[in-house]
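Asker: As a plain string of letters, each chain reads:
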Amino acid sequence: MEHIVIIGNGISGITAARHIRKNSDKKITVVSAETDYFFSRTALMYVYMGHMKFEHTQPYENWFWKKNRIDLVKGYVRTVDHQNKKLVLQDGNTIDYDKLIIATGSKPNKFGWPGQDLPGVQGLYSKQDLDQLEANAPDNKTCKRAVIVGGGLIGIEMAEMLLSRKIPVTFLVREDSFWNGVLPDGESQMINEHILEHHIDLRLGMNLKEILADENGQARAIVIAETGEEIACDVVGLTAGVSPNINFLKESGIELGRGVKVNPYLETNIPDIYAIGDCAEQHEGIGQRRPIEAVWYTGRMMGETVAQTICGNKIEYKPGHWFNSAKFLDLEYQTYGWVFARGPARKEFEQHFHWRDSKEKICVTIAFNEESKQFLGINTFGIRMRHEIFDRWLTEKRDVNYVLEYLKDANFDPEFYAQYESKIVSKFNSKFGTSISPKKKSWKRIFATSKTC
Amino acid sequence: MKTIKNIGLVIFLIGLGIFAALPLLGTYKINPSTLDEIVTKKRIKSEIFIEGLQKSIVGKEFQGMQSLSPLVGSAIENANTQHVKNKEYKKKIYTSASEMAALIGKKSGTGFMTNNKGLMWFLTFGFGIIGALMFIVPNVVLLGKKGIKNDGIYHENSTNKGWIAWLVFIFLVGFYLILYFKSEYAVNWTYLVDPISESLSGNPAGHWFVYGFMYCTVMTVMAVRMYIKYRHNVYQMIRTTSVLFFQIVFAFLIPEIMVRLQMPYYDFKNVFPLDYDFFFQWNLNSLLDSGGIGLFILVWGIVLTLVIVPVMVYFFGKRWYCSWVCGCGGLAETLGDPYRQHSSKSLFSWKIERWLIHGVLVFAVVMTGMTLYSFFAETGTVLGLKTQSIQNTYSLAIGSVFAGVIGTGFYPIFGNRVWCRFGCPLAAYLGFVQRFKSRFRITTNGGQCISCGNCSTYCEQGIDVRAYAQKGENIVRSSCVGCGICSAVCPRGVLKLENGPEQGRINPTEVLLGNDVDLMELVNKK
Numbered sequence: 001m002e003h004i005v006i007i008g009n010g011i012s013g014i015t016a017a018r019h020i021r022k023n024s025d026k027k028i029t030v031v032s033a034e035t036d037y038f039f040s041r042t043a044l045m046y047v048y049m050g051h052m053k054f055e056h057t058q059p060y061e062n063w064f065w066k067k068n069r070i071d072l073v074k075g076y077v078r079t080v081d082h083q084n085k086k087l088v089l090q091d092g093n094t095i096d097y098d099k100l101i102i103a104t105g106s107k108p109n110k111f112g113w114p115g116q117d118l119p120g121v122q123g124l125y126s127k128q129d130l131d132q133l134e135a136n137a138p139d140n141k142t143c144k145r146a147v148i149v150g151g152g153l154i155g156i157e158m159a160e161m162l163l164s165r166k167i168p169v170t171f172l173v174r175e176d177s178f179w180n181g182v183l184p185d186g187e188s189q190m191i192n193e194h195i196l197e198h199h200i201d202l203r204l205g206m207n208l209k210e211i212l213a214d215e216n217g218q219a220r221a222i223v224i225a226e227t228g229e230e231i232a233c234d235v236v237g238l239t240a241g242v243s244p245n246i247n248f249l250k251e252s253g254i255e256l257g258r259g260v261k262v263n264p265y266l267e268t269n270i271p272d273i274y275a276i277g278d279c280a281e282q283h284e285g286i287g288q289r290r291p292i293e294a295v296w297y298t299g300r301m302m303g304e305t306v307a308q309t310i311c312g313n314k315i316e317y318k319p320g321h322w323f324n325s326a327k328f329l330d331l332e333y334q335t336y337g338w339v340f341a342r343g344p345a346r347k348e349f350e351q352h353f354h355w356r357d358s359k360e361k362i363c364v365t366i367a368f369n370e371e372s373k374q375f376l377g378i379n380t381f382g383i384r385m386r387h388e389i390f391d392r393w394l395t396e397k398r399d400v401n402y403v404l405e406y407l408k409d410a411n412f413d414p415e416f417y418a419q420y421e422s423k424i425v426s427k428f429n430s431k432f433g434t435s436i437s438p439k440k441k442s443w444k445r446i447f448a449t450s451k452t453c
Numbered sequence: 454m455k456t457i458k459n460i461g462l463v464i465f466l467i468g469l470g471i472f473a474a475l476p477l478l479g480t481y482k483i484n485p486s487t488l489d490e491i492v493t494k495k496r497i498k499s500e501i502f503i504e505g506l507q508k509s510i511v512g513k514e515f516q517g518m519q520s521l522s523p524l525v526g527s528a529i530e531n532a533n534t535q536h537v538k539n540k541e542y543k544k545k546i547y548t549s550a551s552e553m554a555a556l557i558g559k560k561s562g563t564g565f566m567t568n569n570k571g572l573m574w575f576l577t578f579g580f581g582i583i584g585a586l587m588f589i590v591p592n593v594v595l596l597g598k599k600g601i602k603n604d605g606i607y608h609e610n611s612t613n614k615g616w617i618a619w620l621v622f623i624f625l626v627g628f629y630l631i632l633y634f635k636s637e638y639a640v641n642w643t644y645l646v647d648p649i650s651e652s653l654s655g656n657p658a659g660h661w662f663v664y665g666f667m668y669c670t671v672m673t674v675m676a677v678r679m680y681i682k683y684r685h686n687v688y689q690m691i692r693t694t695s696v697l698f699f700q701i702v703f704a705f706l707i708p709e710i711m712v713r714l715q716m717p718y719y720d721f722k723n724v725f726p727l728d729y730d731f732f733f734q735w736n737l738n739s740l741l742d743s744g745g746i747g748l749f750i751l752v753w754g755i756v757l758t759l760v761i762v763p764v765m766v767y768f769f770g771k772r773w774y775c776s777w778v779c780g781c782g783g784l785a786e787t788l789g790d791p792y793r794q795h796s797s798k799s800l801f802s803w804k805i806e807r808w809l810i811h812g813v814l815v816f817a818v819v820m821t822g823m824t825l826y827s828f829f830a831e832t833g834t835v836l837g838l839k840t841q842s843i844q845n846t847y848s849l850a851i852g853s854v855f856a857g858v859i860g861t862g863f864y865p866i867f868g869n870r871v872w873c874r875f876g877c878p879l880a881a882y883l884g885f886v887q888r889f890k891s892r893f894r895i896t897t898n899g900g901q902c903i904s905c906g907n908c909s910t911y912c913e914q915g916i917d918v919r920a921y922a923q924k925g926e927n928i929v930r931s932s933c934v935g936c937g938i939c940s941a942v943c944p945r946g947v948l949k950l951e952n953g954p955e956q957g958r959i960n961p962t963e964v965l966l967g968n969d970v971d972l973m974e975l976v977n978k979k
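Top line first, the protein sequences correspond to chains A and B. For the first sequence, counting from 1, position 369 maps to 369 in our numbering; every step adds exactly one. Take any residue in the second sequence, count from 1 to its spot, add 453: that is its number in our numbering.
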């Protein structure tokens, strides 16, 4: 029986394992050094915040793996010996494989800051990081202030976590507005305001110079590069992005770039070795995507795809239309299609329409082609949108007027919520001299082409 | 703000403490006339019992029900033993010792308690309400910006099955045990609400009135908590208002007012088979004896079960009843909200759930079948089984122990919907309709789920919502009561409760939206 070995029990590896099991009778082994069972990495924050217990982040009950004959091995892979098709673990044990899937995810970036390895300095990625934070910052007496370095999604999540325990937070953001490499200005500005409303000490346009240690070698303060200001703190969160977790493959002969280099079939340069998820790097980005996509959804989709290939149905990884979501403190964010904040990704023809509510922290940005009016993408804050509808509109290459006219079909907010489509459309009309009147939501249209028909 | 909260907590605990101590306090002085009254009213023919009581209690004063109740009990027991021995079955007393002691106690209370009903109400209910509100309302400020407020739920003793939770458990179970099985100890509580009862129905309060009044009070106070906690969520605000309205108006006020108007006591929204004694002989007789209104109630009750309920479930899902109208649901959604995360999500629990809830439904239906057969055939037995004893078993095991003691008492340990999930026969019935013929579903938003587990954790019905959401499948489970919390706590906007066309309601997928269109079609078509 063919033996499929998967390194990494995150969303990519586990999705691959599940789909291989659905489609075949192969022997499956998943190796992980992090945890015994698969858990949802995105939910770690909720454990610290007390919304959930760690066991709640595990989507499958513990009997699931045995029942589905997915063998779990707890261990750290030291090397991959592809000539003998063998893994060597830290403890010296070896595992033979017929096909190998590398799904080892990411690790937090460190940019050589002095003091970056001091006790009290940490990232937030793994279960171990969560345990570390619980030890470093159990309450606001042990941790009187925390400084977070890096204004991305993990940074703001970490800020939210610490706030939940009433720990004061200073937030160093390199950009002059939060996440404005990704978010257009209006949105980025709204998030800045929202961060300040939560009494986070937001420092825009500031970089870390160094982390200072106290007499015990524990982090005690950080120094800001731009101003030289020293900020006393007990915990430093390094959240300046992540990069592929592939150090153990350096000598393996598997072609590496920043990540494990793969072709569109997720195959590496070595036969029978595949890489998926955060650690995989496409030779060239697919469509407008980056070569490395460290996103939950893409990890899952690569898992679904590689499982087909391994089960004899060789398929290219062809992610559909881009989508993503996040939550910034209390603000939910969804995006469908491409809305680029600025160049070089943002082409000249990409025009934006931005609407923001006068009272609530709710806004929408729609990107479209200035000449052809083709709808390119949408960002929403505080309004939920229907994935299927936008996916369809993107496939059908609808123009922006159509999208606005039928925007109510796409609304996914809970029942009885205030509806903003009319306001959005009327601003659009007045800005572009159109006379669109929003159509009432229609179930008929929503189900017009169901995805399975 | 913190200080106000703490003072509120102290006031609340004082009120609660006095309330909890009342069953064992108070003075009872038994007048000869009281005994005569009860003898006439209950048509007691046992001279042994009457003489016994005259000797043991009449003319005497008792401190606390615990000194009076055993004497009443032994008088009944003594009399019944004698009568059975002498084969004087007509003299045997069928009133339970608890009920008899409660009757006697209610008429014999004297002293501070009975002379200061208003003051005592204030020291118990009043303190409870004021203290609780002082504890809850500062959250408007303390909770900060509107949004999901689940911080620290698993760090707090009270919401993470710590000793506070166990104390609440003991208190609630004790309260229900008194209510159902030792109502004589509730006599002092009835004095607290006598003035309210008299102003509504014209009668002094019984222990069920205490329960009804308390139910409304607790729901109202805890609804304030809901309004604050979920102030960003209009669905929760409206739903909370709805359950509160139906509890206060339909379950509490209307039945009391009907009694004042010489009509039968009836809760128009209590649907058979949850209202399991609707077809019991005594109820049918009472309805048939009540003229037009009785007949109306009879027809209404039947139409409600057979037509209105299923039709509404078809259009809106069972939520219209379970989390918008029902009293049990109403308490679960207000008092029970802090405990919703305790429902077990394991597959094992789901298996137990299906056996148990459908078992109760079968039990209710069989019992009602026997009841109706007995009623029309004018017989006491069906196939050798005594209808009366089947009814008694149901009333005790399901109506009292399951729905009350376990259903509510176990909130802090097993979550707030134990009864609704494992026991309610109406929920089982509505569940069939919801699962197989309804427009209601919780739509999963394409491929947006990140498997975080907030939805599953906070599902009070123990549905593993995530298991569906992460597969891109809509949730059409029969047990879903549509409380809407999964949708509220979802950080990525994945879940939406909605009523839509039946076609497309169930959408099994293998590969999720977002991946290669061809792959999705290929795999999902198989």
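Bear in mind the hints are in silico, worked out from the structure with no lab data behind them. In this text, a Cβ means the ideal position worked out from N, Cα and C, and glycines have one as well. Just to be clear, a hint being listed does not mean it is correct.
To be verified - Calculated pairs, BS3-like style, for lysine-lysine (alpha carbon to alpha carbon, straight line, at most 30 Å): (1) B:LYS890 / A:LYS440; (2) A:LYS53 / B:LYS498; (3) A:LYS53 / B:LYS544; (4) A:LYS408 / A:LYS431; (5) A:LYS53 / A:LYS85; (6) B:LYS635 / A:LYS127; (7) A:LYS141 / B:LYS455; (8) A:LYS127 / B:LYS455; (9) A:LYS99 / B:LYS804; (10) A:LYS144 / B:LYS635; (11) A:LYS107 / B:LYS924; (12) A:LYS359 / B:LYS599; (13) A:LYS441 / B:LYS455; (14) B:LYS599 / A:LYS141; (15) A:LYS141 / B:LYS602; (16) B:LYS924 / A:LYS27; (17) A:LYS22 / B:LYS614; (18) A:LYS53 / B:LYS614; (19) A:LYS141 / B:LYS513; (20) A:LYS22 / B:LYS924; (21) A:LYS314 / B:LYS924; (22) B:LYS599 / B:LYS498; (23) A:LYS144 / B:LYS839; (24) A:LYS261 / B:LYS614; (25) B:LYS924 / A:LYS397; (26) A:LYS408 / B:LYS599; (27) B:LYS598 / A:LYS26; (28) A:LYS361 / B:LYS498; (29) A:LYS66 / B:LYS890.
To be verified - With the Cβ distance kept under 10 Å, some of the chain A side facing chain B (calculated, not the full set): (30) GLU230; (31) ILE231; (32) TYR297; (33) THR395.
Asker: Determine for every hint whether it applies to the structure shown.
Answerer: These are the hints, each one checked on the structure:
1. B:LYS890 / A:LYS440: holds, 26 Å
2. A:LYS53 / B:LYS498: violated, 63 Å
3. A:LYS53 / B:LYS544: Cα-Cα ~62 Å, so violated.
4. A:LYS408 / A:LYS431: Status holds; Cα separation ~20 Å.
5. A:LYS53 / A:LYS85: Judged against 30 Å, a Cα distance of about 39 Å means the pair is violated.
6. B:LYS635 / A:LYS127: violated, 52 Å
7. A:LYS141 / B:LYS455: Measuring from Cα to Cα gives roughly 18 Å; hence the hint holds.
8. A:LYS127 / B:LYS455: violated, 34 Å
9. A:LYS99 / B:LYS804: Judged against 30 Å, a Cα distance of about 38 Å means the pair is violated.
10. A:LYS144 / B:LYS635: Cα-Cα ~54 Å, so violated.
11. A:LYS107 / B:LYS924: Given pair LYS107 (chain A), LYS924 (chain B) holds - Cα atoms ~27 Å apart, limit 30 Å.
12. A:LYS359 / B:LYS599: holds, 14 Å
13. A:LYS441 / B:LYS455: Violated, at about 46 Å.
14. B:LYS599 / A:LYS141: holds, 26 Å
15. A:LYS141 / B:LYS602: holds, 23 Å
16. B:LYS924 / A:LYS27: holds, 23 Å
17. A:LYS22 / B:LYS614: violated, 39 Å
18. A:LYS53 / B:LYS614: holds, 13 Å
19. A:LYS141 / B:LYS513: Violated, because 62 Å separates the two Cα atoms, which is more than 30 Å.
20. A:LYS22 / B:LYS924: holds, 13 Å
21. A:LYS314 / B:LYS924: At roughly 22 Å apart (the allowed maximum being 30 Å), LYS924 (chain B) and LYS314 (chain A) satisfy the hint.
22. B:LYS599 / B:LYS498: Violated, at about 66 Å.
23. A:LYS144 / B:LYS839: violated, 71 Å
24. A:LYS261 / B:LYS614: Not satisfied, since the Cα-Cα distance of roughly 49 Å exceeds 30 Å.
25. B:LYS924 / A:LYS397: holds, 27 Å
26. A:LYS408 / B:LYS599: Roughly 25 Å separates the two Cα atoms, so the pair holds.
27. B:LYS598 / A:LYS26: violated, 51 Å
28. A:LYS361 / B:LYS498: It is violated: about 76 Å lies between the C-alpha atoms, which goes past 30 Å.
29. A:LYS66 / B:LYS890: violated, 36 Å
30. GLU230: violated, 29 Å
31. ILE231: violated, 24 Å
32. TYR297: Where the cut-off is 10 Å and the nearest Cβ of chain B is about 6 Å from TYR297 (chain A), the hint holds.
33. THR395: holds, 7 Å
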